[in-house]
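Q: The listed protein sequences correspond, in order, to chains B and A.
Going by this note's numbering, the residue at position 17 of the first sequence is 17; the numbering climbs one at a time, nothing skipped.
Going by this note's numbering, the residue at position 272 of the second sequence is 272; the numbering climbs one at a time, nothing skipped.
Calculated from the structure, these hints are not laboratory results.
From the three backbone atoms N, C-alpha and C, an ideal C-beta is built for every residue, glycine too.
A few of these clues could be false.
To be verified - Quick list of in silico lysine to any residue cross-link-like pairs, SDA-like style, CA-CA up to 25 angstroms:
{"no.": "1", "chain 1": "A", "residue 1": "LYS780", "chain 2": "B", "residue 2": "VAL207"}
{"no.": "2", "chain 1": "B", "residue 1": "LYS144", "chain 2": "A", "residue 2": "ASP1004"}
{"no.": "3", "chain 1": "A", "residue 1": "LYS341", "chain 2": "B", "residue 2": "ASP178"}
{"no.": "4", "chain 1": "B", "residue 1": "LYS144", "chain 2": "A", "residue 2": "LYS780"}
{"no.": "5", "chain 1": "A", "residue 1": "LYS780", "chain 2": "B", "residue 2": "THR176"}
{"no.": "6", "chain 1": "A", "residue 1": "LYS1011", "chain 2": "B", "residue 2": "TRP97"}
{"no.": "7", "chain 1": "A", "residue 1": "LYS422", "chain 2": "A", "residue 2": "ASP388"}
{"no.": "8", "chain 1": "A", "residue 1": "LYS780", "chain 2": "B", "residue 2": "ALA261"}
{"no.": "9", "chain 1": "A", "residue 1": "LYS341", "chain 2": "B", "residue 2": "ALA261"}
{"no.": "10", "chain 1": "A", "residue 1": "LYS1011", "chain 2": "B", "residue 2": "GLN155"}
Stated by the list, open to error - A few chain A residues that face chain B, going by a derived Cβ cut-off under 10 angstroms, partial list only:
{"no.": "11", "residue": "LEU748"}
{"no.": "12", "residue": "GLY751"}
{"no.": "13", "residue": "VAL805"}
{"no.": "14", "residue": "GLN917"}
{"no.": "15", "residue": "PRO1054"}
{"no.": "16", "residue": "GLU1083"}
{"no.": "17", "residue": "ARG1084"}
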Amino acid sequence: MKQLLCCCLLAVAGCQAQPRVEGSATALTLANAHLTATIDLARGGWLGRLAGADGRVYAGGGMVYTDWGLFTPRGVVSSAGDAAPKVTQGQDGGQTWVRVEGTFHADAACEPAASSVGYALRYSLGDKPELAVEVAVTPTVALKGTPAFLAAQTQMTGLSEWLAWTVEGRINERITRDGRCFESARTPLDPARPELELLYADGRRLVIAGIGAEGCPLQNVFLHVGTGGSGALFVGLLDGESPGWPAGQTWRARYALRLAAP
Amino acid sequence: MRTFAQFVVLLLIVARGVGAAITATPMGNTVRLTNGVVDLRVDLATGALCGFAPTGQPSRVTHSAVDLVVEAGGSRFSKATPSFEAWQATPDGLDVTWRAAGWRVTEHWRLSDGSPCVRRSVTIVPPDDAGVLTQVRLRLDGLHLPSAADASVVLPHSFPISARAVADNHPGTDRSAGGGNTNRLVVLRSAALDQALVVLGDDGDDPSWAHVTEQAGSIDVEHVWNAEAQLKGGVPITVGTQVLTSALASTDAVTAASWDAFDRLGRRVPADRRADVDRTVVYSAHAGGTIDSDWRDTGGFGAMTARLDRIAALGVNTLWMLPFWKGWVYAPVDYAAHDDKLGTEAQLRDLVATAGRRGVRVLADLVPHGPREESGLLAQHPDWVSRDRAGQPIIWWGCLSCDYAHPGWQGYMADHAVDWMKRVGLAGYRVDVAGGGPSNWRPYDGNRPSNSSLKGSHDLLAAVRSRIKRQDAGAMLIQEGTSPQLATTGDLIYDFPWAYEVLPRVLEMPLPEWQAALADWLAWRPAQYPRGTKFMRYVTSHDTIRGLPRYGANLHRGLLLLTALVDGAPMLYDREEAGHEFALAPLLRARGALLPAAGPVEYPLAAKGSDLLCWRPASGRRLPLVAINLSHQRQQAELPGPVAGLTWTRLGADGPSVARAVTHVELQPGEAGILTDNAWATPTEAPPAPPRQALPPAGDLLAVKAGDMTLRVDPRRGGAIDSLWLGDAAGAVRLADAESWREGERKLFPGTPPLDLTAFAATASRAGNALECRGVVAGKLRVTRRYEARDGIVCTMTLEATEPVQGANCELRQVLGLRGERWRADTIEGTLAGTPDPTVKPAQPREWPGYRYRHAAGPLWRDSTLPLAGGCGVQVGGAGLMLTDVNSALPELPHDILLCDNGHGADVVLDWFTGRQPVTLLPGHPITLSFRLTTGRETARSTRLTCQGGNWHVRNQHFEAVIGRSAGGSLRELRRLTNGTAGPSLVAGTNSYTDNGLYQTWTDPLGQQHKTNVGSNLDVEPDVRVDDRAGRLRLTFQGVLSGDQGFGMSIQRPYTWYRHEFVVDDGPALHMKLGIRPRAGFERRDVAAFAAHTLRFLRVTNWSCAGTDGTSGGAMPPDRFERLWQSREHGGVGPGQYKLTIDGRQLVVTVRAGAESLQNAFLLSGIDPVLFLAHYDNQPVPIAPTWREVELEIQP
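Please put together the full structure from these sequences, using the hints given.
A: Right under this line is the structure:
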């Protein structure tokens, strides 16, 4: 499988005008003139690093995970533990995409088995400074339990401020406290513009646009930050009551990470 | 088995050597039991009672019955025919044994010398291991008063007390006679015959309840004990006691009979109760803060110690500190340790000692329901923890549910109570969940499962009382519970109905009716408890929502005064006195000497046509006479009797006024008046003015003068206010400090620090009486400040963005720090006034993650929940500085005003942009914000609007409407006006609610699932706006749906918002706009949900509904609930018109706009039919968190 992957990568690598995919057995890069996205195959295929053309990092690290409600005993069950996910890639119109598939892993034995939940991550990139991300999760057994938590988490550093486009208008706050600083469960995102924006201390901006979900709830999109500027975006499919999750049903969250000029 | 002796021997027993004979005599097919006062007869064929009456009078009862309920088996005896087995005389009565369905049942009938009181209990013996017993029922059938045409049944457990003529009985109708926290008293009485029959159920060893079944000319009374036990063949179980007694008809006579019954049951208040229990004034607080702030807005033991001077000055003599044990408030982890976040044990000891020096005893909170699992108790003492049927430990209130009936746990609690008294000097406890816990299905030897409830609590509290009294003879217990049995171990017991039923109804009932019901309720209260029982009563506790938002300023003060003026012990919850202290403190300080010893009270309610609530002692000097104005209007009254030489003291927001009594008196809303022999309060005087000082040199500061006010502004700080002085150059008092004016965390401009609107040097200019300062902040905002001497000083701020800002939420806050001895806010619901607290910490304006309130408890007052009628500010030495006429040029952008204690006055906080609504600022389109500073007072915001606490009355020439501000803007009443006179209300409330789809079910502490039913009418703190201009009064109420999930009202998260708008003009119609914004989370999947606005109507005789396909209608069926008409079955939801015939005239509801946002509209039949306008009626659709609104017009 890895040989197949390498062949594919070599085939694409020669074309510099198109978004390109390069990589090794443990990491892939998906890049265009504006950004480079590094996909960490050793950590389940999550976005390991998102950097601009100047090399400055916007985001990197994270997972799709649950830590309560769906599995017993309580503990982290996530994509991060899959060290050899299946990778495919291709092109679709002007977009180059990479798809990573794996199963959840847990730190300790749990019920049901962590491997009964599969996930798929799809990254696609055109000629714009925008990386589209799709996170799909499918259990092979029915998952019950409420309350519960399930979220796609992406980490950032150097944050100074956030904006959210909500049903109450635009909200813009400096980061001065530790903890959850924006929660869509408290202030819903504007359905016409479900978008967040992060401002970095050096003036750069990262827009998280088109936040949405398909076939599932999207209970809470929130930012968790520290006063030192570290933070994480949580696209929370479950953050509280759970409607139950039938076997074989795919829950899918989507968003795009767009690098913006100061 | 009958014996020969039982047939032929008259058994005469002299009971207890007193001399009166209790005899049991066979008479034909019956046996007669008598003590010479009353006679009982038992049928020897069935073993049932067949007669009871005062000796020589006709029987008042026809039959008795016993039934048992066994799990999975249901009623045991309902179809069985009892067969008499034997009777046996005892020294004080008669045991009658019979059999049914294989069970052996012995009924114990007991009498006492010279008393009409009959006590009945029962011992049952199952035939085999027959399963699980769940209930024992003792019934008395055919209760009646012979020849009484006026007989009525009184059920005093409820408010208003139910009193219903027997002649109006509907045979078979069942009515509750109380349960749980009541004593299940039933009184059948006739005033004409001056006779009463009294039936009550003693708490006994198991939880119990009762009900009455109406029959033609009589009633059946059944007391039910939820006695849970695993049945074992041949092993007896005894349950009871039911009491039947006879009395004269007056309430006092019934009370005496009831007390006699309690005495004979051994239910007496503790002999070692504190003699001064009547003088107890309780203050309840947690050292960590208020529940509103999740216990973290104050600072622990040290901060509480610093507050003791103020608490003592209020007249408080008992401080009940909410749990400070290691753990989370009522979920302790370690009873032997305190929560060290609150401070050290030495600090706690110092707190208690300091309180003692100020005459305040300190009680802690005993938590006998058990600790959290991490306490390790389950491993150490597994037998102390109650188990469910499967043997698993019961988790209750988030903790291990401990068995109150286990001697080990009882001893542990007693040890714990004494331990802390020794360690820090506590003077006793308030006992949490004093009525016991859920059934323990692995009970201690000899107990049955349900003994973990009342029997266990009685034994546990008796053990605790015994031990703490040995430690300190003056120690006291306050029982959290209203069960009569708790009075036998507590100095005080709770009066739950006072806070939860009686007071809240003042907002729902016409005031004269409520006051009459209150008098009735207070008069009946003693009959339901052992002789001498004392209650602790309150308006607010940590378990309730706060009184001020619920009742509003005047009514809250009036209810606090009422609570302090009735018997028992009043309690204030943390900072509840804020705004009312000038009225409360003098009363609470003098209360002990002022109020007479408990005795019969006369409620004359005879204030000559006024709405005053009045009462006085029924005998003796008949003083003090008390009057309280709980209405929304000034009340005048004529005092009864000669008043020469007496003193009339009025207690109002500004404190007492004392005068020689005159016959004609007057009280403002929220005031109490007290007529006494002597003066007992000191008239409130203006606090002494602070020393004046020469105005300091102005330096670069600029001044604006208006009268004796001098406002100084600082051009180096953008022309912001530097200070305000009252006086002249020779001597002045500083009333205001430098203002701050800046953005909060929510900002207009991304990428900039929050703007400080004083951080620029301004260019100043003068024009006439005005001073203007201009400049630009951070290149983003052009700012112009203007100060003009005009009827005070008008302060105006103009803002203009240099770059467009579109729809940005922003927090823009101006803070003006005022200095004064008093703070004051004149709201449309009355005046709040108080003294600054030097120990207070700056208020936290942000929302806490609590569950009861959206608004933090920090501010003393806020305009968005209690709008200003006049001004707010401070008073110094008889003068004052008030801020009025607060206006924004953006009418769609509501601002808020807060008054926050700053320790030396009050900060006036102007939240021009609240961060909750989008702001658009465009270059070339400046906005203006303004207010006026004045030394005068202003009132009257609207001529159409008056407020009775949280009930807002609006009126035009056609109708009067009452809108519940503290009920989420519910239309509580709508009355037609005829020649200025209001008729009866046509409506009985509106609501916006959801009970399906948007929220999941919730689980109570016992594991029971419940639907989440949340509505607007349980929201006590909506944001409100009053806009009265151009002949139109517009009232807007916006808040979040709330519900009662077993812990009192709480807001539901995630929020579902509602908005109710009412417009009243000179026309005949009331205009309403009703909207909801559902919670987020369902935008992307179909949800079958129900969410609707409802309007409930009264006395509807006919209806018609017009849809898009025509009109339907007919007579209103009052006796069934059905959807008479649904828009979705009649061409969908069109504009719609609904005509209801009420009192012979049509009331017309017309949907004017927004019908497309409704899935359905329907009319539900019934006695009070309801019109539903349902945005969601279970048709699955994606639900977005956007506003859905419908506009109506109601023409009464």
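Q: Which of the stated hints cannot be reconciled with the structure, identified by number in ascending sequence?
A: 4, 6, 7, 9, 10
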